[in-house]
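**Student:** Sequence lines, in order, name chains A and B.
Every letter in the first sequence is one number past the one before it in my numbering, and letter 129, counting from 1, is 129.
Every letter in the second sequence is one number past the one before it in my numbering, and letter 20, counting from 1, is 20.
A hint or two may mislead.
Unchecked claim - Now the in silico label distances, taken between C-beta atoms and shown as ranges:
hint	chain 1	residue 1	chain 2	residue 2	range
1	A	Glu3	B	Thr160	27 to 35 angstroms
2	A	Leu287	B	Pro88	35 to 43 angstroms
3	B	Pro88	A	Ala238	38 to 46 angstroms
4	A	Ala288	B	Asp112	48 to 56 angstroms
Said to hold, decoys possible - Capping the alpha-carbon separation at 30 angstroms, the derived lysine-lysine pairs in BS3-like fashion look like this:
hint	chain 1	residue 1	chain 2	residue 2
5	A	Lys51	A	Lys209
6	B	Lys167	B	Lys50
7	B	Lys90	B	Lys24
8	B	Lys50	B	Lys164
9	B	Lys159	B	Lys50
10	B	Lys24	A	Lys84
11	A	Lys137	A	Lys285
12	A	Lys84	B	Lys90
13	A	Lys84	B	Lys28
Source of the hints: derived by calculation from the structure; they are not laboratory data.
Backbone N, C-alpha and C fix where the C-beta goes; we use that ideal spot for every residue, glycine too.
Here are the chains, one letter per residue:
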Amino acid sequence: MSEELLVTARDNALIDPSLHIWTWEVAMYLFMGGLTAGIMFFAALMTVRDKEHIAPFAATRLALLAPIALSIGMTTLFLDLEHKLFVYRFYTSFQITSPMSWGAWILIVVYPISVLQILSTFRSGYPFFASFVDKLKPARLLMDWCERNRVTIAYAVIPFAVALGIYTGILLSAFGARPFWNSGVLGLLFLVSGLSTAAALVVLIARQKTEKELFTGLDFVLILSEIALIALVIISLASGSGQHIDALQIIMGGPYTFQFWVMFFCIGLVIPMLLEILEMAGISKSLAMLAPVLVLVGGYALRQVVLDAGQESTWTHYETQYSPELLQRLPGKD
Amino acid sequence: MTRFVMVIDTRTCIGCGDCVVACKTENKVPDGLNRDWIVEATRGTYPDLKTEFRSERCNHCSNATCVTLCPTGASHHWNDSNIVLVEPEKCTGCKACIAACPYDARLVMHPDGYVDKCTFCHHRVARGLDPACVSSCPTGCMHFGSLDDPHSEVNHLLKTRDYKVLKPETGNDPNVYYLI
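Based on the sequences and whatever the hints tell you, model everything.
**Tutor:** Pasting the structure below:
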């Protein structure tokens, strides 16, 4: 027998009996952050590779969705903060060892870059709205400048999009105290997942056949890469220390097995991948819209399950925890 | 870096919980929150059982991951010592430090929302006093002092007794020692 009991009351909210500090708000932010990274990356890639004729939506209209997705994510992230009035403190210092501090500053840089990217294709993508912008002289001049430097801006966007996509994973992997997150591959996995969700979004919205085909193919490759990266995450946990092996059990028979393997892996990766194969082979077109929807659901499911499983994994194991319900059993309590 | 350590004798600790009450009283910790707690660890097979009581709290790690990962500098080492504090005015309540602590020693202060934890009673330490938990211990099993002072009681105890720290493999370099 080896038992560690907490003999004095400890029922700290969000910490006991097991950590549950971050819930859907943070998962949604991680998802939206990845999606934004993917949106900016593909919009830039189409410009750099001069694919406007094949993928007009991605090349000229997609970029507008980046600040929208990012703002949704930042709103839910704000909702998660416990000391909201002091949110400005993220921007009164830069902590070089804290990925969260890096992230806060990356977000600040991404917004203006995203605006430049939008303006660089605004006239061709949204002529109606661009005509309003044109009425304002400084805005018109800025739009002219962005259009002239369209390719340069696209090249500049790519490293920031990659940084945004990868940081959400590094953010979690830097927590040595949560062994499930503690894998260097997580950053890459989140980046590839973010790119995949953005590709799915293009398939969902784009009208032109060539564009849907291009992005279905891209998404297929990204899903394959994601599966390979998941294998690497599992290998790195399985070959790690006792804490890592314990952490892996959380999705290998433990409490998050169903969420990981069914909700994320099957519904979010394998099924859409099979649907994409059928579509590319020209066998089934009727389910064409289902694959990208599932990829988006899977992208969110990945963040949620990784977030939950990571908080479940710990270095501290008390066999029995204090339960306030026990107080009800005291004599004199009805 | 001045190194303040707590040395707790598990052979004389009886798990009475006075340290927990003293902390709540001294630091006015709200209902339902605890900065310290007691663990009763039992090992063996009945009837050959061995019980150890441990009064646990923040380990005031020399290599504190909560300080490293705090995005705003709210979590910091006090006065170039290993004592880890949180400055409420800098804390956004993002909870990164809570996830970063392998000892689950942090808490969210309510109703305010900033993150709170054991301070080693630095307000008492600054006046040359022991932390409240140490000074209230009825069995005298808790000791506090500087490891830099070669004549301190804590130094003497660690030189003459067997001891352990919790989860040294985290690499956090914890500073609460348990005599065994």
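**Student:** Now look at each hint and say whether the structure bears it out.
**Tutor:** Okay, the hints, checked on the actual structure:
1. A/Glu3 <-> B/Thr160: 27 to 35 angstroms: Cβ of A/Glu3 to Cβ of B/Thr160: about 30 angstroms, so the range 27 to 35 angstroms holds.
2. A/Leu287 <-> B/Pro88: 35 to 43 angstroms: violated (54 angstroms)
3. B/Pro88 <-> A/Ala238: 38 to 46 angstroms: holds (41 angstroms)
4. A/Ala288 <-> B/Asp112: 48 to 56 angstroms: holds (52 angstroms)
5. A/Lys51 <-> A/Lys209: holds (14 angstroms)
6. B/Lys167 <-> B/Lys50: With Cα atoms ~20 angstroms apart, B/Lys167 and B/Lys50 stay inside 30 angstroms; holds.
7. B/Lys90 <-> B/Lys24: holds (24 angstroms)
8. B/Lys50 <-> B/Lys164: holds (17 angstroms)
9. B/Lys159 <-> B/Lys50: holds (25 angstroms)
10. B/Lys24 <-> A/Lys84: Roughly 26 angstroms separates the two Cα atoms, so the pair holds.
11. A/Lys137 <-> A/Lys285: It is violated: about 48 angstroms lies between the C-alpha atoms, which goes past 30 angstroms.
12. A/Lys84 <-> B/Lys90: holds (11 angstroms)
13. A/Lys84 <-> B/Lys28: holds (23 angstroms)
Hint compliance for this structure: hints 2, 11 are not met, and every other hint is.
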